[in-house]
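Start counting the sequence shown at 1; every next residue gets the next number (my numbering).
These are calculated hints, taken from the structure and not from any lab test. Note that CB positions come from ideal geometry on N, CA and C, so glycine has one too. Incorrect hints may have been included.
[Said to hold, decoys possible] Label pairs and their calculated CB-CB ranges:
{"id": "1", "residue 1": "Ala33", "residue 2": "Thr155", "range": "21 to 31 Å"}
{"id": "2", "residue 1": "Trp195", "residue 2": "Trp151", "range": "33 to 43 Å"}
{"id": "3", "residue 1": "Leu307", "residue 2": "Leu161", "range": "42 to 52 Å"}
{"id": "4", "residue 1": "Thr83", "residue 2": "Leu161", "range": "22 to 32 Å"}
{"id": "5", "residue 1": "Leu226", "residue 2": "Thr130", "range": "20 to 30 Å"}
{"id": "6", "residue 1": "Ala137", "residue 2": "Arg169", "range": "39 to 49 Å"}
{"id": "7", "residue 1": "Ala335", "residue 2": "Arg169", "range": "18 to 28 Å"}
{"id": "8", "residue 1": "Ala331", "residue 2": "Ala141", "range": "21 to 31 Å"}
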Amino acid sequence: MYELTAICFVPPTWTGHIPREAKISYIGFLLGAAGLAVLLFSADFMVRGGVGLARRMGISPLIIGLSVISVGTSAPELVTTLTATIEGAPDLALGNVVGSNLANMLLILGVAGLLRPFACEPSIIFRDGTIMLGATALFVAFAMTGIFQFWHGATLLVGLLSYLFLAYRTESTNSGGSLRCHETDDVPGVPKRTWVSISYLLSGLIGIVIGAELFVDGGVRVAESLGVSKAIIGLTLVAIGTSLPELAIVVTASLQGHNEIVLGNVLGSNIFNLLGITGAAALVASLPVPSVLLFFDVWVLLGVTVLLIPLMLTKGGVSRLEGGLLVFLYAAYLACQF
């Protein structure tokens, strides 16, 4: 149906000379461009809604980044992982979690650093970074058993709820939290009414999910028309594609100077992926761990997490040089998959 719709906009004299593969590629580019536009526009709405809601509630934007935005932008990972679990594809389900977390830490934080170097508040790193490291270590420990079972999933979900409660209590009792909220008072475009902020958040979330779907669909069409294998499509587009909402949010927040949302979204998304998504999937069905994931990827995930925390604690935060290094490491990781 997409093909017929797209060809209607092409003069008849053109379609007769364009091979079918080229038409699919053309449609894929249209879908990809439309998806990217929807992603960026929706990300802007979601960031402004999150900042506005934080201001109205008197809490730090970090909490919005850790909870509402990080959970919302992890919706593609959640849908992909649960679908793969139900359809009996645990390698895709667990691979999506590991791949998305690596994309968040290396690609997304790297791009944010390249766009605009950002400083990281040590207290945030010590609390949320340590919890992310602990969640990663717990994920690896459960993976070493060879299968994620129901009790593993329940344990992970309890850990997620405990973390969200701890983050909220810490920020709400921190006198500096309300002060940080006033930094957003003069930001243009931030809604001043609570219901408008919530509307921005919801519409942004819906748009981000739709945009990511369009972008991935378009990319798959282009890749297939160029003869790229399904394995490469899955490796690059599933992990990166489901991380596009996080990337869109981080790029928008970085350009607008909302460093707390940048960091909170990445840390929150990684913790939600490890504890929430894996936990929910393990409740649905047992997840056997593929050997390739067990002996390579989970250790890369743990190593990158250990590397990232001291990097963010360095004076000045993540610089452009360090951002470029993170992107390079992600490219090297992808190269090792082939």
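Assessment of proposed distance window 21 to 31 Å (beta carbons of Ala331, Ala141): This hint holds: roughly 29 Å between Cβ atoms.
Indicate whether the distance between the beta carbons of Ala137 and Arg169 respects the range 39 to 49 Å. violated (23 Å)
Mind checking the hinted window 18 to 28 Å against the Cβ distance between Ala335 and Arg169? Given a distance of about 43 Å, which is not inside 18 to 28 Å, the answer is violated.
Look at the Cβ atoms of Leu226 and Thr130 and judge whether their distance stays inside 20 to 30 Å. violated (44 Å)
Within 42 to 52 Å: is that where the Cβ-Cβ distance between Leu307 and Leu161 falls? Given a distance of about 28 Å, which is not inside 42 to 52 Å, the answer is violated.
21 to 31 Å was suggested as the range; check whether the CB atoms of Ala33 and Thr155 agree with it. violated (43 Å)
Outcome for the supplied range 22 to 32 Å, where the beta carbon pair is Thr83 and Leu161: holds (24 Å)
Holds or violated: the 33 to 43 Å window for the beta-carbon distance between Trp195 and Trp151? Check passed, 41 Å falls within 33 to 43 Å.
The structure fails to meet hints 1, 3, 5, 6, 7 from the earlier list, while all remaining hints are met.
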